[in-house]
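Trainee: Now for the letters of each chain:
4 protein chains.
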Amino acid sequence: MQPDLSCSYELSPAFHDLDPMDIVWHGNYVKYLELARCELLERFDYNYPQMKASGYAWPVVDMHLKFIQPIRFGQRIRIDARIVEWECRLKIEYLIFDAETGHKINKAYTTQVAVDMKTMEMQYVTPPVLHEKLGVFV
Amino acid sequence: MQPDLSCSYELSPAFHDLDPMDIVWHGNYVKYLELARCELLERFDYNYPQMKASGYAWPVVDMHLKFIQPIRFGQRIRIDARIVEWECRLKIEYLIFDAETGHKINKAYTTQVAVDMKTMEMQYVTPPVLHEKLGVFV
Amino acid sequence: MQPDLSCSYELSPAFHDLDPMDIVWHGNYVKYLELARCELLERFDYNYPQMKASGYAWPVVDMHLKFIQPIRFGQRIRIDARIVEWECRLKIEYLIFDAETGHKINKAYTTQVAVDMKTMEMQYVTPPVLHEKLGVFV
Amino acid sequence: MQPDLSCSYELSPAFHDLDPMDIVWHGNYVKYLELARCELLERFDYNYPQMKASGYAWPVVDMHLKFIQPIRFGQRIRIDARIVEWECRLKIEYLIFDAETGHKINKAYTTQVAVDMKTMEMQYVTPPVLHEKLGVFV
Numbered sequence: 001m002q003p004d005l006s007c008s009y010e011l012s013p014a015f016h017d018l019d020p021m022d023i024v025w026h027g028n029y030v031k032y033l034e035l036a037r038c039e040l041l042e043r044f045d046y047n048y049p050q051m052k053a054s055g056y057a058w059p060v061v062d063m064h065l066k067f068i069q070p071i072r073f074g075q076r077i078r079i080d081a082r083i084v085e086w087e088c089r090l091k092i093e094y095l096i097f098d099a100e101t102g103h104k105i106n107k108a109y110t111t112q113v114a115v116d117m118k119t120m121e122m123q124y125v126t127p128p129v130l131h132e133k134l135g136v137f138v
Numbered sequence: 139m140q141p142d143l144s145c146s147y148e149l150s151p152a153f154h155d156l157d158p159m160d161i162v163w164h165g166n167y168v169k170y171l172e173l174a175r176c177e178l179l180e181r182f183d184y185n186y187p188q189m190k191a192s193g194y195a196w197p198v199v200d201m202h203l204k205f206i207q208p209i210r211f212g213q214r215i216r217i218d219a220r221i222v223e224w225e226c227r228l229k230i231e232y233l234i235f236d237a238e239t240g241h242k243i244n245k246a247y248t249t250q251v252a253v254d255m256k257t258m259e260m261q262y263v264t265p266p267v268l269h270e271k272l273g274v275f276v
Numbered sequence: 277m278q279p280d281l282s283c284s285y286e287l288s289p290a291f292h293d294l295d296p297m298d299i300v301w302h303g304n305y306v307k308y309l310e311l312a313r314c315e316l317l318e319r320f321d322y323n324y325p326q327m328k329a330s331g332y333a334w335p336v337v338d339m340h341l342k343f344i345q346p347i348r349f350g351q352r353i354r355i356d357a358r359i360v361e362w363e364c365r366l367k368i369e370y371l372i373f374d375a376e377t378g379h380k381i382n383k384a385y386t387t388q389v390a391v392d393m394k395t396m397e398m399q400y401v402t403p404p405v406l407h408e409k410l411g412v413f414v
Numbered sequence: 415m416q417p418d419l420s421c422s423y424e425l426s427p428a429f430h431d432l433d434p435m436d437i438v439w440h441g442n443y444v445k446y447l448e449l450a451r452c453e454l455l456e457r458f459d460y461n462y463p464q465m466k467a468s469g470y471a472w473p474v475v476d477m478h479l480k481f482i483q484p485i486r487f488g489q490r491i492r493i494d495a496r497i498v499e500w501e502c503r504l505k506i507e508y509l510i511f512d513a514e515t516g517h518k519i520n521k522a523y524t525t526q527v528a529v530d531m532k533t534m535e536m537q538y539v540t541p542p543v544l545h546e547k548l549g550v551f552v
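For the protein sequence lines, the chains are A, B, C and D, in the order given. Quick note on the working numbering: the first sequence kicks off at 1 and runs consecutively. Quick note on the working numbering: the second sequence kicks off at 139 and runs consecutively. Quick note on the working numbering: the third sequence kicks off at 277 and runs consecutively. Quick note on the working numbering: the fourth sequence kicks off at 415 and runs consecutively.
Hints were generated in silico from the structure; no laboratory data involved. Only a predicted model underlies this, so the values are computations on that prediction, with no experimental measurement involved. Any given hint might turn out to be false.
Claimed, not checked - Here are the simulated DSSO-like cross-link-like pairs (lysine-lysine), alpha carbons at most 30 Å apart as the crow flies:
no., chain 1, residue 1, chain 2, residue 2
1, D, Lys-518, C, Lys-380
2, D, Lys-466, B, Lys-242
3, B, Lys-169, A, Lys-107
4, D, Lys-445, A, Lys-66
5, D, Lys-532, D, Lys-480
6, D, Lys-466, B, Lys-190
7, D, Lys-466, C, Lys-394
8, B, Lys-229, B, Lys-245
9, D, Lys-480, C, Lys-394
10, A, Lys-52, A, Lys-104
11, B, Lys-229, B, Lys-256
12, C, Lys-367, C, Lys-307
13, C, Lys-394, A, Lys-31
14, C, Lys-342, D, Lys-445
15, B, Lys-245, B, Lys-271
16, A, Lys-133, B, Lys-169
Just chain A, with the same shape it has in the complex (with noise of 0.2 Å):
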């Protein structure tokens, strides 16, 4: 059995987010991705720190998002974040939603692949040190 390998991150905006319009600006969207990925991967131990520390560096080199309503300030969202893939890339998904009524807000993925930080070369095969970490079975 292949464990959980999601989570789920709720913030609100800060008012340094918002644009003219009064709602989030589209590239802080990418903040709050990260701060979700960053919080599921803390999870399994495998943060930034741990990820260094293990030598390598895992760049996002894929990235999509579609913005499907806006996020005001005051507005408290969720964040719902899951690996879908491991084997020869990191590829998370996400989704946002409007943490009281669920609408949905956001649908994204990231692709990260590992970069050995002694050659600088980037792996096809994503190293043993990920699987362990996740508890997955390759």
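Based on these hints, arrange chains B, C and D on the given structure of chain A.
Mentor: Using the frame of chain A, we list chains B, C and D on its own:
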């Protein structure tokens, strides 16, 4: 004949755009795309202030970025932006290059839709003002 | 007796707040101050939406930050914010601490003035709505 | 005779620098100061990469900004930056103007100290490399 709907925009990353890997944090590319997009729309006299004056907001509803090479401090990059759809939505494609070597750094697109600022209703065809500004035949 | 015009706000820095030194970029502290300030003003029902509804904008006109220690990823920090002037302008003082050790990280203040959103005129005394919200005697 | 330790830097704000008041969010001025500072230090061949190569980091330890006028989209601004102290610390003063009218927009300073990147110790006098780069007599 359709007009040339493209432009090039050059920049060097700011120190505050860098992350702990000493490369531009992936979310900051969204800012670079916007700089190129505003430059492109400015040429057609339909940048943010003119959009507002025309009664339409143009939120980004879809965005995809493929990261090919990192960007470093001191590096000069060129962003080629081109409008590829304008009938129902405004879709712009971007290619980011190293300005000196010509190596490809990033490939992206953004899609925007018109929203009537009075009714806040999304428009399923783009309003005439866009075609007039772009000088295109629909 | 004057009410307690202070609050504490805790956070951990996001990965995207870090710079190439692996510490929080100094400009991002301004965001942390704002988060604490909004939390404080929220308690008095005079956060950004209520300011707007009251007909006044409150731009920051003066800001000073003294950086004592860096902030690192994974570190928990506490921001103590306190309103110290409200008669002619709204001045807030901040102290940032390491939430665990209590070591001082930063000392700052911000000053805001009321601007009448209809006339766009700066107010040389703060409007009555501020005193009412704060529950202070002038 | 001491060399000219000043420079001017011009820019127009990006759309993503604006807040719901349709003016540049106050925290983004810190980015503008950094752009002018990097331009100034670049002239003396002592920008971020050369600092790093010299074995010193130069964190900002003190920062003050006085906001006089707002900055709007489409406005051209000029930042005059000038090194005013270099013996014990690197202090830079800034004046931001409207590039067309010459009206004053902001007055600021930043103070940086040298930190030896091997020992992580703060230096109470600036290292000789700074004087050599600036071409100043101490």
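Trainee: If a hint holds in the structure, say so; if it does not, say that too.
Mentor: Here is what the structure says about each hint:
Taking the CA atoms of Lys-518 (chain D) and Lys-380 (chain C), the gap is about 35 Å. The hint is violated against a cut of 30 Å. Pair hint Lys-466 (chain D) plus Lys-242 (chain B) holds up; C-alpha atoms about 28 Å apart against a cutoff of 30 Å. Note on Lys-169 (chain B) and Lys-107 (chain A): the hinted pairing holds, with a Cα-Cα distance of about 20 Å set against a maximum of 30 Å. With a C-alpha separation of about 29 Å, the suggested pair Lys-445 (chain D) and Lys-66 (chain A) falls inside the 30 Å cut-off, and the hint holds.
Distance restraint check for Lys-532 (chain D) and Lys-480 (chain D): the Cα-Cα separation of roughly 36 Å exceeds the 30 Å cut-off, and the hinted pair is therefore not satisfied. For the suggested pair Lys-466 (chain D) and Lys-190 (chain B), the alpha carbons sit about 45 Å apart, so the restraint of at most 30 Å is broken. A threshold of 30 Å between alpha carbons decides the hint, and for Lys-466 (chain D) with Lys-394 (chain C) the separation of about 50 Å lies outside it, so the pair is violated. Between the alpha carbons of Lys-229 (chain B) and Lys-245 (chain B) the distance comes to roughly 14 Å, so the proposed pair stays at or under 30 Å and holds.
Between Lys-480 (chain D) and Lys-394 (chain C) the CA atoms are separated by roughly 24 Å; this keeps the pair inside 30 Å, and the hint holds. Restraint check for Lys-52 (chain A) and Lys-104 (chain A): the C-alpha separation of about 34 Å exceeds 30 Å, so the hint is violated. Only pairs whose Cα atoms come within 30 Å are accepted, and Lys-229 (chain B) paired with Lys-256 (chain B) is accepted, the gap being roughly 23 Å. About 17 Å separates the Cα atoms of Lys-367 (chain C) and Lys-307 (chain C), which keeps this hinted pair within 30 Å; it holds.
Our distance criterion of 30 Å between C-alpha atoms is broken by Lys-394 (chain C) and Lys-31 (chain A), whose separation comes to about 35 Å. At most 30 Å may separate the alpha-carbon atoms for a hinted pair to count; Lys-342 (chain C) and Lys-445 (chain D) meet this at roughly 17 Å. For the suggested pair Lys-245 (chain B) and Lys-271 (chain B), the alpha carbons sit about 26 Å apart, so the restraint of at most 30 Å is met. The hinted pair formed by Lys-133 (chain A) and Lys-169 (chain B) fails the criterion: a straight-line CA distance of about 34 Å is larger than 30 Å.
Going down the numbered hints, you'll see the structure goes against 1, 5, 6, 7, 10, 13 and 16, while the others check out.
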